[in-house]
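Enquirer: Numbering (our numbering), first residue to last: 106 to 396.
Simulated from the structure, these hints should not be mistaken for lab results.
It is possible that some hints are incorrect.
[What the hints assert, rightly or not] Calculated cross-link-like contacts (lysine to aspartate or glutamate; reagent style EDC-like; alpha-carbon spacing at most 20 Å):
| hint | residue 1 | residue 2 |
| --- | --- | --- |
| 1 | LYS328 | GLU296 |
| 2 | LYS331 | ASP342 |
| 3 | LYS328 | ASP359 |
| 4 | LYS328 | GLU275 |
| 5 | LYS269 | ASP342 |
| 6 | LYS328 | ASP302 |
| 7 | LYS269 | ASP376 |
| 8 | LYS331 | GLU296 |
| 9 | LYS269 | ASP243 |
| 10 | LYS261 | GLU296 |
| 11 | LYS269 | ASP291 |
| 12 | LYS269 | ASP198 |
| 13 | LYS331 | GLU372 |
| 14 | LYS328 | ASP291 |
| 15 | LYS261 | ASP235 |
| 16 | LYS331 | ASP376 |
| 17 | LYS261 | GLU224 |
[As the list claims (entries may be wrong)] Label-pair distances were calculated between CB atoms; the ranges are:
| hint | residue 1 | residue 2 | range |
| --- | --- | --- | --- |
| 18 | VAL112 | ARG260 | 23 to 29 Å |
| 19 | ARG260 | ALA344 | 34 to 40 Å |
| 20 | ALA250 | GLN373 | 25 to 31 Å |
Since this is a predicted model, take the numbers as computed values, not measurements.
Beta carbons: idealized from backbone N, C-alpha and C, even for Gly.
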Amino acid sequence: MDLEEAVAVFAEVRPRLFGIAYRMLGSATEAEDLLQEVWLRWQAYDRAGVGNPAAFLATTTTRLAINALQSARVRRETYIGPWLPEPVDTGADPYLGAERGEALEFAVLVLLERLSPTERAAYVLREAFDYPYRQIADIVGLNEAAVRQLVSRARKRVLVERRKPVAGAEQRRLLTAFVTAARAGDLTALEELFAADVTSYSDGGGAVRASRIPVVGSTRVAKYVKAFASHFWTGVDVAWATMNGQAAALLSRDGEVFTVLTVNASEQGIDEVLWLMNPAKLNGVSTPATS
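Working from the sequences, and respecting the hints, build out all of it.
Expert: In structure tokens form, the structure reads like this:
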């Protein structure tokens, strides 16, 4: 395989490789860096002996992601405030390199942080990309029975620790209502939207002013949002986008996005309010027309 053909092969499978890396790392920036390393290895490899380039590249990506995730978790232990995944725009590519949009929503990515890197890899490959258990076993270096156990255990954790989410249209309705109530500082309207144990997470990464601890409970979260309403929303334009497969509000001042705001919700109401404010995680977010 000459270099021109190697480039074409890599370009063809790149969306899937990015989808794997992003779901593993929860960071588009780190996923892009990892794919650069995959390309360098592919470029230098003796490709004549590779019978299935797509499988080879997926294996390389997954193994590098497992190693990268181990290092990332050490860094996240000293992260200032709550850590939230870096948002990705799924408006143009709703499945982000997958046959289905599994393991993309913020709530699931946060839960996957609690899995071991190998558990996470097995879950992502199976649930998002429908890889056969035997192939996953080859990729992560375990036997097939062990991989089945990993995936089963990961599924149970995601199902048990997360309430059944509402449909996309209802999630957007609740988000829109939340933005309206938050801008107005309407305490009653906010409380009516929330589940009793709602939690507000603000990811500023220590770079901008944001709450460094989660705020929990419908009354506390409503008072918290009301307390900064008068100054936080001044001069703010709101645009709507689809981030990580769910509706999100892009908050901007002077044409620059400074917050991606979204909610996770169940039949009990809004369970989580996510304020993604770390500037390093917003570089890839563009501002569509406001509404």
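Enquirer: All hints, please: hold or fail.
Expert: Hints, verified against the model:
no.: 1; hint: LYS328 with GLU296; in the structure: holds, 9 Å
no.: 2; hint: LYS331 with ASP342; in the structure: holds, 18 Å
no.: 3; hint: LYS328 with ASP359; in the structure: violated, 28 Å
no.: 4; hint: LYS328 with GLU275; in the structure: violated, 24 Å
no.: 5; hint: LYS269 with ASP342; in the structure: violated, 31 Å
no.: 6; hint: LYS328 with ASP302; in the structure: holds, 14 Å
no.: 7; hint: LYS269 with ASP376; in the structure: holds, 11 Å
no.: 8; hint: LYS331 with GLU296; in the structure: holds, 11 Å
no.: 9; hint: LYS269 with ASP243; in the structure: violated, 33 Å
no.: 10; hint: LYS261 with GLU296; in the structure: violated, 31 Å
no.: 11; hint: LYS269 with ASP291; in the structure: violated, 27 Å
no.: 12; hint: LYS269 with ASP198; in the structure: violated, 24 Å
no.: 13; hint: LYS331 with GLU372; in the structure: violated, 24 Å
no.: 14; hint: LYS328 with ASP291; in the structure: holds, 9 Å
no.: 15; hint: LYS261 with ASP235; in the structure: holds, 17 Å
no.: 16; hint: LYS331 with ASP376; in the structure: holds, 18 Å
no.: 17; hint: LYS261 with GLU224; in the structure: holds, 12 Å
no.: 18; hint: VAL112 with ARG260: 23 to 29 Å; in the structure: violated, 37 Å
no.: 19; hint: ARG260 with ALA344: 34 to 40 Å; in the structure: holds, 35 Å
no.: 20; hint: ALA250 with GLN373: 25 to 31 Å; in the structure: violated, 38 Å
In this structure, the earlier hints numbered 3, 4, 5, 9, 10, 11, 12, 13, 18 and 20 are contradicted, and the remaining ones agree with it.
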